[in-house]
Every structure is written in C-alpha cells, then in structure tokens.
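Whole structure, please, built from the sequences with the hints as guidance.
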Amino acid sequence: MKDEGIKFESEMNRGFLQVLVLVLLEKSMYGYMMLRHLEKLGYMVEENTLYPLLRRLEKRGLIESEWDVGQDRPKKYYVISKEGKTVQEELLKIWKEQNEILNKLMEANKNV
Amino acid sequence: MYKKLEDYLKEIGHYLVVKEGRDEILSEIKSHILEKTAQEFGKVSEETLEKIIANYGNPKKVAGQYLEGEEIISPFFKKYLFLYTGILFVFHLGFTLLSFIFGWSIVIFPFFYIPRMENLWALCYLPMALVYDFGLVCLFFYLVTQAKIEIRLPWPKIKWRLPKAPEKKWIQPKIIFLVLMLAGFSIIVYAYLKYHTLFFMSLDFRNQAESLLNPEASRWYSLFLITIIACEIIVYGLRFFTQSEWIPLLKNAFYLVLVWIIMNNPIEDALIRLQSPDLEFVLYVVERAGIFIVVVFGIVAAIDFFQSLWRISRKHWRSR
Chain A
1 MKDEGIKFES EMNRGFLQVL VLVLLEKSMY GYMMLRHLEK LGYMVEENTL YPLLRRLEKR
61 GLIESEWDVG QDRPKKYYVI SKEGKTVQEE LLKIWKEQNE ILNKLMEANK NV
Chain B
1 MYKKLEDYLK EIGHYLVVKE GRDEILSEIK SHILEKTAQE FGKVSEETLE KIIANYGNPK
61 KVAGQYLEGE EIISPFFKKY LFLYTGILFV FHLGFTLLSF IFGWSIVIFP FFYIPRMENL
121 WALCYLPMAL VYDFGLVCLF FYLVTQAKIE IRLPWPKIKW RLPKAPEKKW IQPKIIFLVL
181 MLAGFSIIVY AYLKYHTLFF MSLDFRNQAE SLLNPEASRW YSLFLITIIA CEIIVYGLRF
241 FTQSEWIPLL KNAFYLVLVW IIMNNPIEDA LIRLQSPDLE FVLYVVERAG IFIVVVFGIV
301 AAIDFFQSLW RISRKHWRSR
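Protein sequences appear in the order of chains A and B. The working numbering puts the first residue of the first sequence at 1, with every later residue one more than the last. The working numbering puts the first residue of the second sequence at 1, with every later residue one more than the last.
Derived from the structure by calculation, the hints contain no laboratory data. Check before you lean on any hint, since a few could be wrong.
[Unchecked claim] Partial pick of chain A residues on the chain B-facing surface, computed with a CB cut under 7 Å: (1) Gly31; (2) Asn48; (3) Pro52; (4) Arg73; (5) Pro74; (6) Lys75; (7) Lys76; (8) Tyr77.
[What the hints assert, rightly or not] For lysine-lysine, the following DSSO-like pairs were computed, each having C-alpha atoms within a straight-line distance of at most 30 Å: (9) A:Lys40 x B:Lys43; (10) A:Lys7 x A:Lys93; (11) B:Lys60 x A:Lys7; (12) B:Lys148 x A:Lys85; (13) B:Lys61 x A:Lys59; (14) A:Lys76 x B:Lys3; (15) B:Lys78 x A:Lys76; (16) A:Lys59 x B:Lys10; (17) A:Lys76 x B:Lys4; (18) A:Lys76 x B:Lys61; (19) B:Lys43 x A:Lys76; (20) A:Lys82 x B:Lys19; (21) B:Lys19 x A:Lys59; (22) B:Lys30 x A:Lys76; (23) A:Lys7 x B:Lys3.
The beta-carbon is built from N, C-alpha and C at its ideal position, and this holds for glycine as well.
Pasting the structure below:
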C-alpha cells in the first residue's frame with residue numbers, strides 16, 4: 001500500500017513540479033539553488049528529476065538559460081520565457097479550478 | 001581534475017544518446033555535483049565527491065531521465081513489431097519452401113535473396129530469415145519514428161490465435177480405435193509382404209503393383225513408415241495402462257533417431273521409375289517434397305519431445 005502511495009505521489013508530482021518550476025523561475029536561478037529553495041519550503045525533489053525537466057521545458061521554449069562562467073564554478077541560470085509566462089498563467093488557472101472542484105467535493109463528502 | 005567525477009560523467013555520457021546538448025548536460029551535472037559537494041562538505045575532494053555521486057544515482061538511470069521523447073522506436077509501434085515480423089516471415093517461409101521444393105533461387109530486390117539450398121541448409125536458413133525480417137521491420141519503424149511521420153498503419157484482423165503451451169489433456173483411449181488401427185496396420189504389413197513396398201506407382205492391384213522406388217529404397221522407406229505406425233499403435237495401446245509423460249518422450253526420441261538415420265543414409269537413385277528426361281523436373285520435385293516431409297516430421301517430433309521434457313521437469317520440480 002505504501003508503494004502504491006509513492007507511485008501516485010510521483011505521478012502527481014510530475015505535473016505539479018512543472019508548475020512549480022515555472023513559478024520559481026520568475027527569478028533567475030540555477031539548479032542547485034532551486035533545489036535548496038524547494039527544500040526549505042518542504043518540497044523534496046531529486047536532482048536527476050529536476051535537471052531533465054529543466055531541459056524539456058527549455059526545449060519547448062518555456063524557459064531560457066545562460067551559463068555564468070564569471071564565478072569559481074560555471075553555473076547554468078534559468079529564467080522563465082515570455083511563452084513560459086503565458087503557459088504558467090494558464091496552468092495556475094487550471095490548478096486553481098481543480099482545487100476548487102476538489103474542495104467542493106470534500107465539502108459535499110463531509111455532509112454525507 | 002577529479003577522477004571519480006570524470007569516470008561518473010563518462011559513464012553517464014555513454015548512455016546519454018541525445019541528438020544535441022550532450023556536453024551541456026554533462027557540464028551541468030558536473031557543476032551541480034561540485035557545487036553540492038562544496039556546500040555540504042566545505043571542500044571538494046575525491047572522498048567527498050564519492051558521497052555526493054553515490055546520491056546522484058546510477059549513471060544509466062540518470063541518462064535515462066534525459067531520454068524521454070528520444071525513443072529509437074516509438075512505443076506506438078510496439079504491437080505492430082511482432083505482427084509485421086510474423087507476416088513478413090510467412091512470406092519468407094513460403095518463398096523458402098518454393099525455392100527448396102523447385103530448386104529455384106529467388107530474388108526480390110532489395111529485400112530477399114533466397115539461394116538454392118540443399119536439404120538441411122534450408123532449415124538452418126529459416127531462423128536467420130526470422131531475425132532478418134525482425135530487423136527489417138525494426139528498421140522501418142526506426143525510420144518512421146525518427147522522421148516523426150504521422151502514419152496510420154493497417155492492423156490486419158487475424159481470427160486465429162497462437163495456442164498457449166497447454167497442459168496436456170489426455171484423451172481416454174478407446175478399444176474400437178485400437179482395433180481399427182490394428183486392422184489398418186495388418187493391411188499395410190500384408191501389402192508390404194506381398195509387394196515389398198508401400199510406395200506404389202499406381203493403385204492398380206489387379207496386376208502386379210509397381211513400386212515408385214528402387215528395391216532398396218522401397219524396403220528402407222517402407223520399413224521406416226511401418227515402424228512409425230507400429231510405434232503409434234503401441235503408444236496408443238499403452239495409454240490404457242498408463243498416462244506417463246515418459247512414453248511420448250521416448251517415442252519422440254526414437255523418431256528423432258529414425259529421422260537422423262534416414263537423413264544420413266540417402267539412397268542413390270531411389271526414384272528410379274521417374275528417371276527419364278521427360279520426368280526430370282517431376283523427379284526433382286518429388287525428391288524434394290519427400291525430404292521436406294521427413295524434415296517436418298522431425299521438427300514435429302522435436303517439438304513434442306521438448307514439450308514432454310518440459311512437462312516432466314516441471315512436474316519433477318513441483319514435487320520437490
């Protein structure tokens with residue numbers, strides 16, 4: 001049962017993480033920084049999940065990247081693109097609507 | 001440079017089959033590992049790197065995460081792969097049989113070249129043909145996937161299904177069938193004793209029936225046939241007393257030995273009656289068809305043999 005729970009959680013996270021990244025990248029950030037930020041918020045993401053996701057979003061033009069080689073170690077910074085911003089707004093709208101539906105259902109269940 | 005990190009990245013790179021950006025992905029992973037090591041341990045060394053690398057994950061799995069949408073063959077074609085291979089192989093098999101029976105070389109450029117083959121070579125050619133057909137279908141789907149073409153492929157509806165390896169259902173033997181089999185067998189033995197052959201040119205028994213084969217081949221192949229029929233009757237009779245899986249196993253082992261003897265002792269000019277210039281082609285076809293029948297008989301015996309062996313070993317392991 002626990003394994004099933006983990007499976008569902010990872011399925012839910014798949015979509016949620018995309019929204020989260022698009023919101024997070026309103027400000028320019030590099031991978032490790034994003035992970036630490038999310039960790040502080042109590043959301044754990046594996047690095048080998050985050051980086052491939054960033055690559056996919058970049059390929060679809062939703063985020064943009066730039067290497068910063070001025071520091072002691074080169075870092076790849078990401079930021080949301082104009083197209084990404086549009087998608088982010090749509091996704092947040094959908095997410096809010098879904099949340100409302102879920103809340104209504106839960107309220108209705110309470111009265112059963 | 002840090003050897004452990006380089007080795008780790010090299011291994012990821014080995015599995016990372018992407019069209020572009022491979023070096024950039026590796027650079028980013030490298031940057032992340034170095035940053036994380038420095039942040040968590042305060043210094044970067046082989047020992048501290050080893051711990052961070054261990055947490056990052058198996059190189060194959062890490063590379064796999066980047067391969068989404070980079071499939072060699074699209075999963076949509078999975079169900080077509082074996083069906084199309086099967087259909088292609090049926091054609092290939094048919095052409096091989098034609099080539100074998102009629103002694104032709106068949107070329108369908110650029111897909112098939114079936115050379116004129118002798119006896120067992122044709123049999124050895126078939127597994128190779130199956131692998132070739134599978135490769136050809138894979139190549140087609142690979143090209144379609146890579147070209148990102150949207151096509152709707154035909155899906156022929158085939159009514160029959162391949163039977164699953166079944167539990168053997170024993171049919172209770174019946175006396176009447178045994179009696180009929182014995183009667184038939186007596187007629188066959190009588191015919192052999194009287195005419196010294198079971199392979200007749202014609203069934204005109206009012207006159208002396210002529211054998212299709214020369215005397216040596218007549219005796220040899222008739223006894224082969226009689227032995228098989230006798231075996232079948234004995235096995236059928238034994239089923240009144242036991243349904244042991246050992247009986248078909250031994251029977252098929254015996255058949256395989258018989259086939260081996262027959263294939264290894266070809267009789268020169270066996271079809272002597274057909275050896276006239278007019279019948280050269282018929283002679284060739286009959287000879288080939290004869291070999292083909294023996295080979296098919298051998299294959300069926302081999303399949304049956306291994307099925308029995310499989311059932312016996314399964315029963316043996318279950319009982320342990």
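How the hints compare with the structure:
no.	hint	result
1	Gly31	holds (5 Å)
2	Asn48	holds (5 Å)
3	Pro52	holds (4 Å)
4	Arg73	holds (5 Å)
5	Pro74	holds (6 Å)
6	Lys75	holds (6 Å)
7	Lys76	holds (5 Å)
8	Tyr77	violated (11 Å)
9	A:Lys40 x B:Lys43	holds (23 Å)
10	A:Lys7 x A:Lys93	holds (26 Å)
11	B:Lys60 x A:Lys7	holds (21 Å)
12	B:Lys148 x A:Lys85	holds (28 Å)
13	B:Lys61 x A:Lys59	holds (21 Å)
14	A:Lys76 x B:Lys3	holds (23 Å)
15	B:Lys78 x A:Lys76	violated (38 Å)
16	A:Lys59 x B:Lys10	holds (24 Å)
17	A:Lys76 x B:Lys4	holds (22 Å)
18	A:Lys76 x B:Lys61	holds (22 Å)
19	B:Lys43 x A:Lys76	holds (21 Å)
20	A:Lys82 x B:Lys19	holds (26 Å)
21	B:Lys19 x A:Lys59	holds (12 Å)
22	B:Lys30 x A:Lys76	holds (11 Å)
23	A:Lys7 x B:Lys3	violated (36 Å)
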